[in-house]
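Enquirer: Chain by chain, the residues:
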Amino acid sequence: MNDAASIVAIVFLAALLQATVVASLDLLGGTPDLLLLALIGVALLRGAVAGAVAGFGAGLLLDVLTLDTLGVTALILALAGYWAGRYGETTGRGRAHAPLLAVLVGTVLVAVFGYGLHFLIGEEVSARRALFETLLPGLGLNLILAAPVFALCRKLLRPFELSERTVEVQLLG
Amino acid sequence: MLGFLVVLALALITISFRESEDGPLHDAQAAAASALQPLTVAMERVAQPFRDAYGWTAALFDARAEAERLRAEKEQLQQQVIQNESALQSLVDLKKLLTYVDGPTFPEDYTYVATSVTARPANAFEQVIVLPVGSDNGVELDAPVVTGDGLVGRVTHLTADTSRVTLLTDESSAVSAVDLRTKAPGIVKHGQTGDSLIMSRVRKEDVVKVRDEIVTSGWRSGPLASLYPKNILVGRVTSVGQAQTDLYQRVQIKPDVDFSSLDAVAVLVPRRTVARR
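Chains as they are written, first to last, in this note's numbering: chain X, 1 to 173; chain D, 1 to 277.
I should point out that these hints are in silico values taken from the structure, not numbers from a laboratory.
Beta carbons: idealized from backbone N, C-alpha and C, even for Gly.
Among the hints, a few may not be true.
Restricting the straight-line Cα-Cα distance to at most 20 Å, the calculated cross-link-like pairs of lysine to aspartate or glutamate (DMTMM-like) are [what the hints assert, rightly or not]:
hint : chain 1 : residue 1 : chain 2 : residue 2
1    : D       : 254       : X       : 26
2    : D       : 230       : D       : 212
3    : D       : 230       : D       : 85
4    : D       : 254       : D       : 213
5    : D       : 74        : D       : 149
6    : D       : 189       : D       : 206
7    : D       : 189       : X       : 123
8    : D       : 230       : D       : 140
9    : D       : 230       : D       : 142
10   : D       : 189       : X       : 133
11   : D       : 189       : X       : 124
12   : D       : 254       : X       : 133
13   : D       : 230       : D       : 213
14   : D       : 183       : D       : 85
15   : D       : 183       : D       : 205
Covered stretches of chain X (in silico footprint by chain D; criterion: 3 or more residues with CB under 8 Å from a CB of chain D, positions within the stretch not fixed) [stated by the list, open to error]:
hint : stretch
16   : 45-59
17   : 64-72
18   : 75-88
19   : 120-127
With the hints as extra help, turn the sequences into a complete structure.
Expert: Here you go:
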C-alpha cells in the first residue's frame, strides 16, 4: 500500500471508530479522541501539508457521519493537522517527547478553538462542559493513548529515510 | 494549501447555514451519510459485545449496593401501585362521566421505531446522537426520542434513512414539564454539571420535594402544542433551591437515562402518522 493510501486508511478508520465506538465511551468523565491522536501521528510523520489535508478529510467525514454542519470539524482538524505537522517538521523533529507534547497542545487547542468556532456560528455551547469538565479527563486519556497510537502510525507509515528528507544545507568540498 | 482548505471549510460552513434543508449541499451530505451507514451500523454491531462486557464489568462494582437500593424501592413501589390502580380506576370513571377530551399522551397515542445509536460527535460541544432510521421509517422532524428510563431528546435533523437527535442535556434543549406529585409546572433545561438538568420557573408556592418525579407536561393551547407528549419521565428531583430575591425556585433533576451510554432508543411516532402511511 502506498503512502497516501495508508494515510487515507488510518484517518478513515480512526474517524469511523471515533464516531461509532469511542465517542460513546465514558471513562472517568472524559472521552479519548482517537481521531485527533491518529491525525497528530500522521502529521508528525508526514508533515504539515499531509496533516492539514488528512485533518480536513477526517473532519469532513465526521461532519457527514454525525450530520453536523459541514465544514466545522473539517476546519478545526485541518488547522490541528497543520500545526502538528509544522511542529514535527521544526521544533519536534527527532525528539522522543514530540508526540506527547503535540497531543497535549493539540487537545487543548482543539477544545478552545472548537468552543470558539461553535460559539461564533451561534450554537449554544457550555464552556464549563467543553473546557473544564471533559477537557481534563479527555486530555489524560489522550496522553495515555498517544504512545500506542503513534507507534501504530509509525508502523503503518514507514518513517522517511535520511536520503528522502529535504536537504536544507549542502556541504561543499 | 492550508489557506485553500480554510477557505473551502468556511465556504462549506457558510453554504450549510444559508441554504435550506433540502438544498444541494444538504442533499449531498444526506447521500454520503446513507452511503456510509452500512459501515457505521456494522462497526456498531462489532463493538456492541465489547461495550456490553465493559458495562457488565463496571456494573459489578456497585451491584450489591444497587440491589439493596432496588429492594427498598420495590417495596415502596408495590404499595404505590395499589394506590395508583385505585386512583386510575376513579379517573377513568370520572372522565367517562365528564366526556373528557384529552390531548395526546404517552404511550397510548404513540407507536415507536426502536433502533440502535450509530454515531456521536467527537466533541463535547454538542450533545447529539445519530440513528440509522429516517423519514422512510416513519420518523418525523421533532419526534420525541425515549428509552425505557425516560426522555432522551428530539429529532432535529432528518434524512430518508438517518436522523440526528439533540439530547435533553444539550444547551439548546428545553422541555416543559411538571412535578408528578404536585403538578408544579416548569421548564427543564441542561444543568451546570454533567448530565444534570435544571427545572426553572417553578413557582415558590409549589412545594417540590427531593425524589419527586418530573414528567413532560404535553401542554396544548389552540393550534400550538408541546413537541413532547404528556407523561414521559424526565428525571427525579435531587435538590430544590431558592434565594429570597428570586421569583422562582431552581429544581435540580437527575435524569434516569444514562446519556453517556445510550445504545438503543425508541423514536415515538404518533399513531395518526402510522395510520396514514
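Enquirer: Run every hint past the structure and note whether it holds.
Expert: Evaluation of the provided hints:
With a CA separation close to 17 Å, the supplied pair residue 254(D) and residue 26(X) stays within the 20 Å bound. For the hint pairing residue 230(D) with residue 212(D), the CA-to-CA distance comes to about 17 Å; that is within 20 Å, so the pair holds. Annotation: proposed proximity of residue 230(D) to residue 85(D) holds, straight-line Cα distance about 19 Å (limit 20 Å). Taken as a hint, the residue 254(D) and residue 213(D) pair is honoured in the structure, with Cα atoms around 10 Å apart against an allowance of 20 Å.
Distance restraint check for residue 74(D) and residue 149(D): the Cα-Cα separation of roughly 16 Å lies within the 20 Å cut-off, and the hinted pair is therefore satisfied. At most 20 Å may separate the alpha-carbon atoms for a hinted pair to count; residue 189(D) and residue 206(D) meet this at roughly 19 Å. Restraint check for residue 189(D) and residue 123(X): the C-alpha separation of about 15 Å stays at or below 20 Å, so the hint holds. Straight-line distance between C-alpha atoms of residue 230(D) and residue 140(D) comes to about 18 Å, which keeps the hinted pair within the 20 Å bound.
Taking the CA atoms of residue 230(D) and residue 142(D), the gap is near 15 Å; set against the 20 Å cutoff, the hint holds. The suggested pairing of residue 189(D) with residue 133(X) holds, with an alpha-carbon distance near 18 Å, which does not exceed 20 Å. With a C-alpha separation of about 12 Å, the suggested pairing of residue 189(D) with residue 124(X) holds against the 20 Å cut-off. Restraint check for residue 254(D) and residue 133(X): the C-alpha separation of about 17 Å stays at or below 20 Å, so the hint holds.
For the proposed pair residue 230(D) and residue 213(D), the alpha carbon gap of about 13 Å is at most 20 Å, so the pair holds. Between the alpha carbons of residue 183(D) and residue 85(D) the distance comes to roughly 19 Å, so the proposed pair stays at or under 20 Å and holds. Distance check on the hinted pair: residue 183(D) and residue 205(D) sit about 12 Å apart at the alpha-carbon level, within 20 Å; holds. Remark: the stretch 45-59 of chain X is confirmed as covered by chain D, as 6 of its residues place a Cβ nearer than 8 Å to a Cβ of that chain, reaching the required three.
With a threshold of 8 Å between beta carbons, the proposed coverage of the stretch 64-72 of chain X by chain D holds, since 9 of its residues qualify and at least three are required. Counting residues of the stretch 75-88 of chain X whose CB lies closer than 8 Å to any CB of chain D gives 4, so the stated coverage by that chain holds, three being the minimum. Figure legend: the stretch 120-127 of chain X, annotated as covered by chain D; annotation consistent (5 residues with Cβ-Cβ distances under 8 Å, at least 3 required).
In summary, this structure violates none of the numbered hints.
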